[in-house]
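**Q** These protein sequence lines map, in sequence, to chains A and B.
Each residue of the first sequence is one higher than the one before, starting from 1 at the first, in UniProt numbering.
Each residue of the second sequence is one higher than the one before, starting from 1 at the first, in UniProt numbering.
In short, the hints are calculated from the structure, not lab data.
Hints may contain errors.
[To be verified] So the derived label-pair ranges between C-beta atoms look like this: (1) A:367 with B:11: 55 to 65 Å; (2) A:232 with B:17: 41 to 51 Å; (3) B:70 with A:244: 31 to 41 Å; (4) A:177 with B:112: 54 to 64 Å; (5) A:546 with B:11: 31 to 41 Å; (6) B:10 with A:420: 27 to 37 Å; (7) B:70 with A:540: 28 to 38 Å; (8) B:127 with A:481: 24 to 34 Å; (9) B:64 with A:144: 51 to 61 Å; (10) A:196 with B:55: 55 to 65 Å; (11) A:547 with B:50: 48 to 58 Å.
[Unchecked claim] List of simulated lysine-lysine pairs, DSS-like, C-alpha gap at most 25 Å: (12) B:154 with B:70; (13) B:154 with A:92; (14) B:154 with A:150; (15) B:17 with B:61; (16) A:117 with A:92; (17) B:61 with B:8; (18) B:70 with B:8; (19) A:541 with A:404; (20) B:154 with A:117.
Even glycine gets a Cβ: it sits at the ideal position worked out from N, Cα and C.
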Amino acid sequence: MRDVNEDAPSTVASTPHPSHVQTHPPNRYTPLRPPNSNRERIILNHLPTELLLSVFTYALEEDAPVYTTRLRLTHVCRVWRNVVISYAPFWKCLALRPSDSTPHRLAMTQLDFERAKTCLDLDITIPSEVASTYAASWPDAPSIRLSFKKQLQGVEFFVISALDPEVIARIQVLRLRDVSSETRDLIQNQWDFSVPLQRLTELYLRPGWFHSIDIPAEANNLMRQILMVAESLRVLQLDSCTMPANVFPCSLRKLHLTRVTIGSDSDLLSMLTTMRELEQLVLFDRWPDPDLVPPAREDLSISLPRLRILALSPLYDIPDAFLLRALDCPNLKALHLQDNTDEYMPELPMIDSVPGENIMDAVASQPWMLEEICIHGIPGVDHLVIPFLLKHARSIRRLAITEKLYATARQTQGQTPFPEAEEIALRLERNHTEFVFGMTRRAPDASAGDLLPGWQWPMDPADPLELPDVPLAMSSEAKTERLETELRELLCSAEDDSGLVETTVPHRGKGRTNVRRVYLYAGLLYQSPQAINRVRNEHTKLALSPALCDNLYIGKPEWIY
Amino acid sequence: MSITLISKEGAQFLVSKPVADRIGVVRDCAYGADFWLGYAVATDDSMGITLANVTSSILSKILVWCEHYKDMEPLVDGDSNMEFPEWDMAYIGHDMNQILFVLEAADYLHIPGLLLLACKGIADVLDGRNPRGICDLLGIVMDFSHRQEVDMDKENGYWRWFLHPT
């Protein structure tokens, strides 16, 4: 009586793949031709366990957070069940299933923790849930109250299971994001901080968007306590909190701070001098003093011999110039400088609109051989940025700049100014994006639940939603024509008159460039990159043949912060 | 330099050195122990290398993959975060019989990249199928012990709602 043998509902899109390359079965429930002999069965029966595990690993790639495939595989046969259950990596990730995925969340959570007992290294995500303060504003219906109660029970059970001392000692990766004050208090009460987190190497902490503006002391205290017992931490991603400098372990390899205030007892530069193992430093959403903006100190030298990635946003010309000059990191390969000039979020304050001349001078004075550069939003320094980019033209592998900046570089240097670049991301202006892709910004619909209660759009009615009309130097048609020319050069140069493309392979053959992928990105576009051949429609105005666009994506590549 | 490969049926395939280099077994046969000394010993291609476990149709399919990757590195085991290129997915297709034969041949011929691709192909065909569908597709017998049956019935109780959402 195994009811699991019923078919699950299909979620496969019925539209064919535009490029005629199917990455998934056209219809996964279409019966395939059964094995026509015993030969295939013999192949499977004699498949070595490691190959079976390879198959299962691919099958379970996108199984989170419901983990249905994992359960299905355990219900096929004795061998498969034993292989799946006994292979610890399949059970190392523990996360609470969505409340609407099953009414038996508690039982399934218990099963997950039982099977994870074989794992020495656990990856635990403390679940986020709706805070009771928001739930109080919901309609007072019994079904909603019951649903909310069940949700809290599920979260509570998961947190208690995850904070068992025997489990805590095995945590390798801990994610704690967007928890409500209730969950935070529960964690505070349940966690035995006398148990060291010996195996914890990665920690991702964000107290919750409920408190992103005014962080309560309890949240800061909890995060400080966790950091104090994380002795062998390698990766730390901290968001929206105030933290004293002495809790940051010197063993850190990757430090990613967003909206973090360093305690008054120290400052960022002094803290960095102790982190000689640091390989990645990302400081984002920095507010002026006493935040992650370094004080101007000329006498300081920060030796970070392993540092490979540095990302700063927004930029503060004078203090950041001091930081960049103070850095002694000969192995730096990736530099991301992004100012807070996002035209898609006009409601954000413009913190620093002065030209970043000192920053560009400081960067230019460093002997770095950069392979990845992302620069945009630095006002008034094109005359400094272009020489800097061209100086690194032969070493750049990944480049993210505005399309306008790329056009200037092309004008200065000629076609394909960055011949070694393998991935190029061009940021488009808003008007140009709307013209090319036929997109318009949709205002949030309060009745559809897009806005929190009491909020309105635009946020301030006195502010215009749209940016003021600025006379454009070029029409959208002219910009699109320029973009098409650039893309033709980047993607392939062998498109003949009939639109046929002779395939060129990077690093060899007839291709003039090494470009493997080109991204067009902007705030309105897809967050994760999508092949343009999949999403182009009748409104897309790029006159490029689909064959030419095989390596063209829209959306921000994952290597841009 | 070219090498002749002979399939199970006796069909001959003349392949170039870069293509043959993708096949571990052929590489070992062609270069033998002197591979590490940097020169080949099997310079006479008239004899050929017999691949007794690989049929002509599967060998020709495998040679398409080897030809494609003669100058490029395919994904290997360590690239777990990388996606297979679209060409690979189109190549492996969704015919389970074909994929199984490719898998068997890639294992026999020692072609790690193609082996991984075949595993990915099988995983994609299994995607979304329920256990009975998988058993029917692959000819697997549900041979659980009594204890496993009891455990599974309990799991099914948790799971039934997910499969039949109201």
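**Q** Which hint numbers doesn't this structure obey?
**A** 3, 4, 6, 8, 11, 12
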